[in-house]
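Chemist: If you're matching them up, the sequences are chains A and B in order.
The numbering of the first sequence is the numbering used here, which starts it at 52 and goes up by one.
The numbering of the second sequence is the numbering used here, which starts it at 136 and goes up by one.
Simulated from the structure, these hints should not be mistaken for laboratory data.
Please note that the accuracy of each hint is not assured.
[Claimed, not checked] In silico EDC-like cross-links for lysine to aspartate or glutamate, where the CA-CA straight-line distance does not exceed 16 Å: (1) A:LYS265 - A:ASP619; (2) A:LYS252 - B:ASP399; (3) A:LYS265 - B:GLU442; (4) A:LYS265 - B:ASP464; (5) B:LYS264 - A:GLU185; (6) A:LYS255 - B:GLU446.
[Unchecked claim] Distance ranges between label pairs, derived from CB positions: (7) A:GLN146 - B:ASP399: 54 to 64 Å; (8) B:ASP399 - A:ARG472: 35 to 45 Å; (9) A:GLU144 - B:TYR374: 52 to 62 Å.
The structure presented is a predicted model; accordingly, all values stated were derived computationally and were not measured.
From the three backbone atoms N, C-alpha and C, an ideal C-beta is built for every residue, glycine too.
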Amino acid sequence: MSTTPLSDRFAIDRRKFLTRSSLAASLLGLGHALPAWARGSHGGTMARKGSDVLSGEHLTMTVADSSFATASRHGPAVTVNGTLPGPLLRLREGQNLVVDLENNSSMGTSIHWHGLLVPFLMDGVPGVTMAAVEPGERFRYEFPIRQAGTYWWHAHTLQEPMGHYGPIIIDPANGDPHQVDRDYVVMLSDWSPMDPHVLMKKLKVGEAPFNFQKTTATDDYPLSGAERRMWARMRMMPTDISDVSAPLYSYLLNGHGPEDGLEFAFNPGERVRLRFINGAAMTFFNVRIPGLPMKVIAADGQDVRPIEVDEFQIGNAETYDVIVEPTGADAFAIVAEAMDRSGMGVGMLASRPGARADVPLLRDPPLLTMADMGMNHGSTADSMDHGGMDHGAMEGMDTGSSGAASGTMDRSMDMDSMSMRDTSLLPPSVKVGPGVDMVSMNPVDRMGDPGIGLADVGHRVLNYRQLVSANMNPDMRRPTRLKEIHLTGNMERYMWSFDGQKFSAVTDDPIRFAFNERVRVKLVNDTMMAHPIHLHGHFFELVNGAPHGHQPLKHTVIVQPGGSAQFDLTANEPGDWAFHCHLIYHMHNGMFQVVTVRPLQGGEG
Amino acid sequence: MRAATLLLFPLAVLPSMAIAQDHQHGAQAPKESEATAPSHTPTEPSAGDGSGMDHDTMDHGTMDHSAMNHGTMGHGTPDRGMMEHGPMGHSGMEHSAMPDDTPIPQGPPPPDAFEGPAFAADAFVGAEKMAASRASVVREVSGLPVFWFQADRAEYRAREGKDGYLWDVQGYYGGDLDKFWFKSEGEGSFGEKPEAAEVQGLWSHAIGPWWDLQVGARQDLAGPERTYAVVGVQGLAPYLFEVDTAAFLSTKGDLTARIEAELDQRITQRLILQPRVELNLSAQDIPELGIGAGLDTAEVGLRLRYEFAREFAPYLGIEQEWKLGGSADYARLLGEGTSATNFVIGVRFWF
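Looking at chain A on its own, in the form it has when it is part of the complex (with noise of 0.2 Å):
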């Protein structure tokens, strides 16, 4: 193992995290007159914010427990060698890379490596690839590093929203496309001082506890008399966004809050890298430099024909490679909004130490529409004008709509008359019962969104119809089978399934794949929220219209509410694969499958 020292261009990193353990050396001095519960802590030691690199064949990563701490905020945290983010893995496509993992907290643990092709038993996923990883055991990962880009890790135990993440670069065997003068990883995330047990409860017995955007008598939403009771009546929230956020989570950029002043140098007229990675447990983030275009250029670790755009929503889990040329300023905010707007991440692109932009103030929280209940009839949504003069034409032709944009009227005409639970609509494959509240009427494809609430922002905003692969995608067959899958959910019982079932109902009966069998997927969203669904060990492309040979890998899709999404899968990896909602309460509370490829001799990767 070699821990290499932070390189120069993290050098102003650096010096931020010597202030900092300084800072919490002293804290940790204060805090030893303190009772263990005043302290917040159950580990003693303070996290260091921020990621070490490591590189080399062969790395030991070491969990433990932690304190964490962020403006006013502290409390329990885990870390992998003692900072949060864990640390960067600087690997090099073709390498072959042992990791020894050591246990010393006091929870089961396990490291999930996402994005990467991996032989399954290597996956670290517990109850599917391997057990958990008790405390004081170790675990030995060995696998090689088959391809190059921009992925992360992280526990898949309810260690990872306490901070049991980090970020992985992959630097590739033949050179990299994108010749750049600077390269920094912005990890994104979320981090509460509630523990997660704690938080998922409340979140099943309470009535959207942590959403304090709430429709009330005295909010200024433009919503008419008739919308609000048209959402009473549905039992249901046009703000029902997040299930958590700002006023439980703190927002981080590389483990730094917005008060932490989180820097990254450029000199102006440089080209810049900047590796996104939503390593945040709840959170999607609408991410913007204002005053700087972003050229995205890679999508989930793969290359992708470049685009630019003024912003993107990152759902958990995905991740975006954008290069910037910042110029003509000191110093660029690097704004990740929560997507329901409650806070946000920030931090700086700074010329010179201490440089400074203006932040912008939080836009007004979005709400739901005709579109997120599944009843798309124009796509009031998607059609307007955020720059993007191919996505709203091609919403368009797709709900074959009159382009109507006047969601108001029509929302409560339609809503009227519509149930929103005609289980009718239904595949014999989902099971309907109480976990079930809401069937989408007319689940079109929504990959020209460009997410929730940034429909009308007035510039450009990525969607999934612009990603096209750089690179000729391997397998060129047409899918022979189509395998629809149902995102069902229940929020008043905060219920979370697939094909109204959740994981402990289907253990024996996993959504099942033959080795290299070229299927399209097709994933339909009965609720409305927007999931990240992930899919371990495979890239699989997004049906999305790209042209012939060039749709975009990715490993996680978010599927829009009321809405489905399709992607072509060639399940070449035998083994059995975690399959899930990356929002860690979904998952936890049942939208979570196993995906079987057979037969197992087909070649361990």
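Position chain B relative to chain A; hints supplied.
Modeler: Leaving out everything else, chain B in the frame of chain A:
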């Protein structure tokens, strides 16, 4: 506005690719490498062109991408990707729309997919170890049992005569569909025996997305000893009314029923007005309990609470109670009033 500008450019002038580049570079300090990038773009497919779009429209979308491709190329990297996807993408542009028209059939997995072990890791990790691990994960990700306790009303009641108190609490332990549910309520005046006190233990089973069927027993702890069998339905009605209805059959054969409904009307994110209605009914006269057949009592209340935390909210309110019909007659016989107005102060909390 950038969006509008971008739209106008290619519509106004012809070689839209060139314009796109100009615009691109105009926005920032031009880089030499980009300025000299060769113009390949006409052979570049547009992003997301698979659906066979109108090319006039698509040009706008293409514009940015092609401009960026130039930027990338301009740096002189030998780009395998670029070499390949020019021609390939181009052919895709022409053909991709066609095969997509025929639907892909749904069907069961091929027989191969059922081969081999049920759980792939068993042979490598150990079947026993994996079974235990799987069991704990199934438990963890399919909903651990939850304990919940809520005091919906715990209040001091100021009124004519002696002031009184009231509690109304409930809670459960269990999973998503089946729970052990308990309820207790009671009231009285200070310095006197409680007028009413009861506990219920119920099995609660989800019968729909919003409704639970509840079956169990109720024990009265004040006044004449009574035990009841309980059947009820509790849940969330349209328009977000919390509704709790139950029928009670006593060991003496008396049949009574209770309907409660309340609504949280948010004034602000933390200030909440809660109207509440409760009706008690009886199928027969029950003289020893002072209950007449028909509508027995009605309560209408209005409480204004402030949620310091979602879990802790003190409130102020007013509640009006009436005895009706035969019950009112019994009350008058005993020289009691048939209605009362309570000014209440209390706290609602849960954990």
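Chemist: So does GLU144 of chain A sit 52 to 62 Å from TYR374 of chain B, Cβ to Cβ?
Modeler: Holds, at about 58 Å.
Chemist: For the pair supplied as a hint, LYS265 of chain A and GLU442 of chain B, is the alpha-carbon distance within the 16 Å limit?
Modeler: holds (14 Å)
Chemist: When you check the alpha-carbon spacing of LYS265 of chain A and ASP619 of chain A, does it fall within 16 Å?
Modeler: violated (38 Å)
Chemist: CA of LYS264 of chain B to CA of GLU185 of chain A, is that 16 Å or under?
Modeler: Since the Cα atoms of LYS264 of chain B and GLU185 of chain A sit roughly 12 Å apart, the hinted pair holds (cutoff 16 Å).
Chemist: Take the C-alpha atoms of LYS255 of chain A and GLU446 of chain B, compute the straight-line distance between them, and say whether it is at most 16 Å.
Modeler: holds (13 Å)
Chemist: Take a quick look at whether LYS252 of chain A and ASP399 of chain B sit within 16 Å of each other, Cα to Cα.
Modeler: violated (21 Å)
Chemist: Are LYS265 of chain A and ASP464 of chain B close enough, with their CA atoms no more than 16 Å apart?
Modeler: violated (47 Å)
Chemist: For the pair GLN146 of chain A and ASP399 of chain B, does the Cβ-Cβ distance stay inside 54 to 64 Å?
Modeler: holds (58 Å)
Chemist: Please check whether ASP399 of chain B and ARG472 of chain A have a Cβ separation lying inside 35 to 45 Å.
Modeler: About 23 Å separates the Cβ atoms of ASP399 of chain B and ARG472 of chain A, which means 35 to 45 Å is violated.
Comparing the model with each earlier hint shows violations of hints 1, 2, 4, 8; every other hint is respected.
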